[in-house]
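Visitor: For reference, the chains in residue letters:
There are 4 protein chains.
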Amino acid sequence: MKNTFGTNVCITLFGESHGPAVGAVIDGLAPGIEVDPEFIAGQLKHRRPFGKISTSRVEEDCFEILSGVFNGKTTGTPICIVIPNENKNSRDYSETRSLARPGHADYTAYAKYHGYEDYRGGGHFSGRVTAALTAAGAVAIAALRGKGIFIGSHISSCGGVKDRAFEDVGEDIRVLSDKLFAVLDDDAGEKMKAVIAAAAEEGDSVGGVLETAVCGLPAGIGEPWFDNMESVIAHGLFSVPGIKGVQFGAGFDLTDAKGSVFNDLYCMDGSKVVTRGNNNGGINGGISNGMPVVFRCAVKPTPSIYKKQDTVDFFEKKDAEIELKGRHDPAIIHRARVVVDSITALSLCDLLAQRFGTDWLGGGI
Amino acid sequence: MKNTFGTNVCITLFGESHGPAVGAVIDGLAPGIEVDPEFIAGQLKHRRPFGKISTSRVEEDCFEILSGVFNGKTTGTPICIVIPNENKNSRDYSETRSLARPGHADYTAYAKYHGYEDYRGGGHFSGRVTAALTAAGAVAIAALRGKGIFIGSHISSCGGVKDRAFEDVGEDIRVLSDKLFAVLDDDAGEKMKAVIAAAAEEGDSVGGVLETAVCGLPAGIGEPWFDNMESVIAHGLFSVPGIKGVQFGAGFDLTDAKGSVFNDLYCMDGSKVVTRGNNNGGINGGISNGMPVVFRCAVKPTPSIYKKQDTVDFFEKKDAEIELKGRHDPAIIHRARVVVDSITALSLCDLLAQRFGTDWLGGGI
Amino acid sequence: MKNTFGTNVCITLFGESHGPAVGAVIDGLAPGIEVDPEFIAGQLKHRRPFGKISTSRVEEDCFEILSGVFNGKTTGTPICIVIPNENKNSRDYSETRSLARPGHADYTAYAKYHGYEDYRGGGHFSGRVTAALTAAGAVAIAALRGKGIFIGSHISSCGGVKDRAFEDVGEDIRVLSDKLFAVLDDDAGEKMKAVIAAAAEEGDSVGGVLETAVCGLPAGIGEPWFDNMESVIAHGLFSVPGIKGVQFGAGFDLTDAKGSVFNDLYCMDGSKVVTRGNNNGGINGGISNGMPVVFRCAVKPTPSIYKKQDTVDFFEKKDAEIELKGRHDPAIIHRARVVVDSITALSLCDLLAQRFGTDWLGGGI
Amino acid sequence: MKNTFGTNVCITLFGESHGPAVGAVIDGLAPGIEVDPEFIAGQLKHRRPFGKISTSRVEEDCFEILSGVFNGKTTGTPICIVIPNENKNSRDYSETRSLARPGHADYTAYAKYHGYEDYRGGGHFSGRVTAALTAAGAVAIAALRGKGIFIGSHISSCGGVKDRAFEDVGEDIRVLSDKLFAVLDDDAGEKMKAVIAAAAEEGDSVGGVLETAVCGLPAGIGEPWFDNMESVIAHGLFSVPGIKGVQFGAGFDLTDAKGSVFNDLYCMDGSKVVTRGNNNGGINGGISNGMPVVFRCAVKPTPSIYKKQDTVDFFEKKDAEIELKGRHDPAIIHRARVVVDSITALSLCDLLAQRFGTDWLGGGI
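Chains as they are written, first to last, in the working numbering: chain A, 1 to 365; chain B, 1 to 365; chain C, 1 to 365; chain D, 1 to 365.
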């Protein structure tokens, strides 16, 4: 389905970095979910560049809800949210039109679209499109909160600096929700910012790892095999161009361990089935087991750097050099966090709607 | 779509470990693809347990093609392949029906299906279903080979022993295709087998990492955002219950690197655009760039171990102990490899059919 | 999705008329639905040819359930039902391989599959595939009955003879469920059989109109626009090659009437909202209004006739004549009725599962 | 997929009659298709009310293309077209909020959305949404024309007045493309307008039958069973709330005929396989046979009439009366014609893209 993701709750993305607008249509959300423009604006603010560690292309991200919301609540019909592109600066890109920026989708877009693609600023492959994903995700995040399901991500690692792991998941998520730079250990956060600023100084960039947790999800969510929870969430996450890896629970860390070490032993916590340890990340056989769902994403260093790089001219089919101008992020990991939360929320809304029906997330009758 | 995966070429899985059969329906493959029963049997043999490092439940995996093949070639209509379950031994499971085997889907299946699930041997969540996936994948793998596209996986790491990385991808894939225990360095392979055998001896198990490469794929394959190549392949891979992580290219390894290190610089190789290095795993913006597609999967240690483990009785909602009997694998990584190849092949057939149409993979007019 | 139909409850068909078997996979049905092999056999009997008014190719239609049913109930995982082809007689077809039987899919299959299609007896386009649809539909019909939703079809018209219309829908459906030749007025039925027998005598065939009613469906089922109830049901019905028209309620009959005549006026029947008249066929804006859902299907005369017909040889691209041999139906309408019920049931199960979730149709917790 | 239709080329609709805008996202169209704003405007003009035979709510239908078009051509990425709602008059609807307008979706929307629906002017179920469908369809229609495939619909019957049938399909389609009131026989058209005007005078409304033809389509398009051409087109057509019946070729007209009469005999026309007669409407087994695809839609009389009607108050659950005010169409059939063309075009683009791949409809490499 190309730019559409989901079965019962689905999102469709559109837009180019330097076109009139980016936007999203969310279909299948229950009627009666409160839609708070301030919360959406707040989520967009979490995605927006800020300070010395981000691009100087700062946009207001004024969004407009064109449909699907009436009297402050979802109607149950498709919600279209549009975010006009305002601060675009197209002349930065025209000179380098046929030069493949290393790590970017310029050349692959050309191979796919034969030159008809809007090449300015990455076009449809631009991270700009995640602004629409974030606005849409905000509605999903709010819907889940209404059912006691909370999602939070922190920068687990950035430029070699590590944050502490999740401990009290519920409380950690609560704390993260207000932070612009999402770390659990603020000292680590300051070091990360310094690393990013230093990379920016050199005209270089850094990447990192995001760790995400979901709490409040009941056991038994997810479908067998192809629409299992891991497949659905990973499908969504890998849609973000900068994400190159996804692992649930211990993931790659314990592949060398023994089964006796890896297995999460079940025990009762009052009347609730829980596990000691969470190496499976809250998911067995692709279906939630009632423990927090935990996963990590590898975010590659942002490919836009100011150093001169070897490349090719794909019109002329010859070697070339490229030196980027314009305004670029030395890191996107602190901005990507809210995008990951959004994708997670949309994925979960979809699986929950499959399990419990159209109305479950909403205001009911 | 639950047990169905793919858009233009899609596969539907069915079956339970101890039911009459497992099977798959592949729909959308081009007409005119040769279907060689021996090749399918060979692929199934690669998945079958063998020696001291596997379960003693060895099945012949006699498959029957019920539809979609005529005069040795695909017709273009759905191919149903059925593999009867022969060597099943259901009494092993009845005593422990309400005890959640740690790391397995028993409890999550119960939470989802309320006790109606076929609990014997993992039921529909059993790795047994991957036999059907392997048979179906064999048809897809053969179709891709007909177009010069080759897939191979090796055990990159198992129980702490590492194989060498891919070097000459085309040649390495060729070599791997004949090996029952898929390593590039046979000495490493022997050490891995020893580690697996030692774990078996202790009643324990090991996991590992599979590395997969695809060569021959043209640039420009994959759809933007949600049906991009990474999303589609990862979606398929995470359907395998034992896979807990997927990373493309350098993935998690270089998240602490600078962009100037991570970026794959483009250059011309004759008239072909290539990159120096392949940290992006052959994919930019979700679309193939013409380099080998390379990714790794984290395969968790198989959860069936013979040590006594704490668990719960989910009927009685009380703590319990479990001691597995029956026949189990001390490792599945050497068997999972052909499953990963199959999923990759089905994913690529789908994306190629979307791009080039129904007939491209087949015999043409 | 080609041979797959449905979103939350979906069916995948496979098989060729003269291949090893036809079959279906039904995915997404709730766990805990009783599966009665006798009921499935009974539904297949309703589809089976009989007497002088049908083909002499009579098959036992022995079906086998390969998965998804355990202890007599659905598990919630995919149900694969296979019906082996037994009484096939492939030599009847070989001589006429490149002659397009008028009204059949021989030529269009060739245009699509380039000659790789299994041409024997219509191959994958054969009505034989509807045996699998019927077996699958039986499970869906039983599930709906468990929730008080009943479906029935009668031969509204055949060869110029008309049956009476539905009156007491619930009672009429009950009566029809036991009839092999589904008419509400048995005298009309005898006349229809005579017309069919007379056509058979001449080596000719007849068609007709099926009228279907559903009672017990709550108001509010169906999705807006593209997954509305009319679209979903019609999509399914038009998959049957012989069905060339579908109309809901008054459909084409009252297109020349005024709005004041067509409109169904609402009124209260106790605490229930009902309409006087049902020109809209129980559906407004694509969503059920609580009245019986009523629609009609145009079934074209079966194209297999014994008269010599002009045609082309599509290998040689020249004019030719064809004279069919083999065993053919002079009418399929009395057999198609249970196929229409099956498609309707599968469509409704899908829409109900979307609305009320996975478990609603089943045994619950 | 609720408000999304299509597999490879798909459209997503959003918007409410009295919300900020209606719109559509078309995804999967090939890169390089010319997008002519004047042609889109012309198609919208064909849908716009005019003269005495339409509502006085006339809107400019100023559309804005937010994405997917660059330098006047499709890029291959999603095209979002938005049409702001300008001439809305919401006070007309507030008094009658809980009164079910007969024939409308007010009550069914309430049953589905529990009162959260935007009830003004039919909300998301309003015919207003077809403006977006028309704009999107215009792009698809233009793409098909570029490949020699033409679509045209005429008012076959309205208020008892009949137009002549298609004769020279290609020429008839050409003539229709410029007509605001789409009839082949202008005298019949004048009589129809008189009938509509007379109904308007009485505060009543009329319906009719649209007949559509497609020429230039190659043989072999359509998928077997569920994504066959009839299923796909009918699925799309039935999404229009006013369409209550769809028939291909002779449809219901010849259900009482013999097979020997109904069958379309094949013959050669030079090197092309054609049929004498076209009772199958250009489709056999759901796949195009190279003849014109012909079908008819039953358009019910528009339910908005000015006569006092019995109804219910669905808040109070009691009988009531309703007398509509506001601005309504005495007929929509002349406006629906371009909607039918649009749906047909989108359906065909989807099936052609499945068959021939992403690039076929576009500018190529």
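Please keep in mind that the hints were generated in silico from the structure rather than gathered at the bench. Treat each hint with caution, since some may be false.
Copies of the same chain look alike in the list, so a pair counts if it works inside one copy or between any two.
Unchecked claim - List time: in silico SDA-like cross-link candidates among lysine to any residue, alpha-carbon distance up to 25 Å: (1) Lys73 - Arg120; (2) Lys307 - Gly216; (3) Lys317 - Asn71; (4) Lys73 - Ser271; (5) Lys272 - Glu95; (6) Lys191 - Phe356; (7) Lys317 - Asp186; (8) Lys45 - Trp360; (9) Lys191 - Leu254; (10) Lys317 - Tyr306; (11) Lys45 - Lys191; (12) Lys191 - Lys318; (13) Lys325 - Glu167; (14) Lys325 - Ile65; (15) Lys272 - Asp186; (16) Lys318 - Gly270; (17) Lys308 - Pro37; (18) Lys325 - Phe50; (19) Lys325 - Phe39; (20) Lys147 - Trp360; (21) Lys193 - Glu321; (22) Lys147 - His114; (23) Lys191 - Arg145; (24) Lys162 - Asp253; (25) Lys193 - Val261; (26) Lys147 - Asp186.
Visitor: Hint by hint, say whether it matches the structure.
Guide: Now for the hints, and whether the structure bears them out:
no., hint, in the structure
1, Lys73 - Arg120, "between (36 Å within a copy, 15 Å between copies)"
2, Lys307 - Gly216, "neither (46 Å within a copy, 32 Å between copies)"
3, Lys317 - Asn71, "between (56 Å within a copy, 24 Å between copies)"
4, Lys73 - Ser271, "neither (36 Å within a copy, 28 Å between copies)"
5, Lys272 - Glu95, "between (62 Å within a copy, 23 Å between copies)"
6, Lys191 - Phe356, "neither (44 Å within a copy, 49 Å between copies)"
7, Lys317 - Asp186, "neither (48 Å within a copy, 41 Å between copies)"
8, Lys45 - Trp360, "neither (29 Å within a copy, 41 Å between copies)"
9, Lys191 - Leu254, "between (28 Å within a copy, 19 Å between copies)"
10, Lys317 - Tyr306, "within (23 Å within a copy, 60 Å between copies)"
11, Lys45 - Lys191, "within (22 Å within a copy, 53 Å between copies)"
12, Lys191 - Lys318, "neither (42 Å within a copy, 47 Å between copies)"
13, Lys325 - Glu167, "neither (42 Å within a copy, 36 Å between copies)"
14, Lys325 - Ile65, "neither (34 Å within a copy, 29 Å between copies)"
15, Lys272 - Asp186, "neither (34 Å within a copy, 48 Å between copies)"
16, Lys318 - Gly270, "between (68 Å within a copy, 9 Å between copies)"
17, Lys308 - Pro37, "neither (42 Å within a copy, 42 Å between copies)"
18, Lys325 - Phe50, "within (19 Å within a copy, 53 Å between copies)"
19, Lys325 - Phe39, "neither (34 Å within a copy, 39 Å between copies)"
20, Lys147 - Trp360, "both (9 Å within a copy, 20 Å between copies)"
21, Lys193 - Glu321, "neither (30 Å within a copy, 49 Å between copies)"
22, Lys147 - His114, "between (46 Å within a copy, 19 Å between copies)"
23, Lys191 - Arg145, "neither (32 Å within a copy, 50 Å between copies)"
24, Lys162 - Asp253, "both (15 Å within a copy, 14 Å between copies)"
25, Lys193 - Val261, "between (36 Å within a copy, 20 Å between copies)"
26, Lys147 - Asp186, "neither (30 Å within a copy, 53 Å between copies)"
When each numbered hint is compared with the structure, violations occur for hints 2, 4, 6, 7, 8, 12, 13, 14, 15, 17, 19, 21, 23, 26.
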